[in-house]
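Go ahead and model the full structure; you've got the sequences and the hints to work with.
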Amino acid sequence: DGGITQSPKYLFRKEGQNVTLSCEQNLNHDAMYWYRQDPGQGLRLIYYSQIVNDFQKGDIAEGYSVSREKKESFPLTVTSAQKNPTAFYLCASSTTGTSPLHFGNGTRLTVT
Amino acid sequence: DAKTTQPPSMDCAEGRAANLPCNHSTISGNEYVYWYRQIHSQGPQYIIHGLKNNETNEMASLIITEDRKSSTLILPHATLRDTAVYYCIVRPSGNTGKLIFGQGTTLQVKP
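Protein chains in written order, with my numbering: chain A, 1 to 112; chain B, 1 to 111.
As a list, the in silico DSSO-like pairs of lysine-lysine whose alpha-carbon atoms are at most 27 Å apart:
id, chain 1, residue 1, chain 2, residue 2
1, B, LYS98, B, LYS3
2, A, LYS71, B, LYS98
3, A, LYS57, B, LYS3
4, B, LYS98, A, LYS83
5, B, LYS98, A, LYS9
6, A, LYS70, B, LYS98
Hints were generated in silico from the structure; no laboratory data involved. Because the structure is a prediction, the values reported are computed rather than measured.
Structure, rendered in structure tokens:
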């Protein structure tokens with residue numbers, strides 16, 4: 001089945017360590033996105049990429065980095081510079097235009 | 001960017017229609033209205049979207065007012081599995097693909 005796979009579902013790290021969250025899609029979508037969700041709140045855009053080898057900052061990009069070397073993959077690195085990294089991270093993809101976004105089931109990151 | 005306003009919570013009896021309102025008074029002429037829902041600890045699920053005409057699919061109906069300042073998502077026969085947080089989103093112009101999520105409405109379907 002086509003879809004978006006985020007792994008792992010739960011991730012635990014010590015403060016000061018960088019951590020990379022995986023996002024893979026087999027929908028042949030051009031655009032991919034990373035969102036962060038905190039308890040009781042809506043989603044906030046971290047980074048998005050409309051084509052391979054290109055990406056743009058979203059509203060809360062500080063402390064995060066991404067790469068888009070392949071159409072299928074859009075990994076997110078949470079660096080030690082991110083002040084409050086503990087959150088639920090969601091990856092999404094879409095075709096171009098106004099087509100709806102398809103979301104993965106998220107990675108819950110806990111940093112202690 | 002246009003913003004949306006939704007009631008924080010609503011209840012609905014199982015089997016009845018659930019009508020979820022959304023205000024988007026600053027929407028621009030070329031911005032679409034999207035609805036998603038999210039069940040706890042899962043990714044948001046796309047429901048429906050529209051520009052100015054009413055839309056219907058197998059999940060729901062979307063009613064957009066003539067002035068486009070508000071819309072209503074209708075779940076015609078709510079079930080317990082429809083209990084979720086529902087997000088009304090206006091897609092900003094410029095085709096950046098960005099979706100701006102608000103706080104959403106928590107719909108509780110009761111037996």
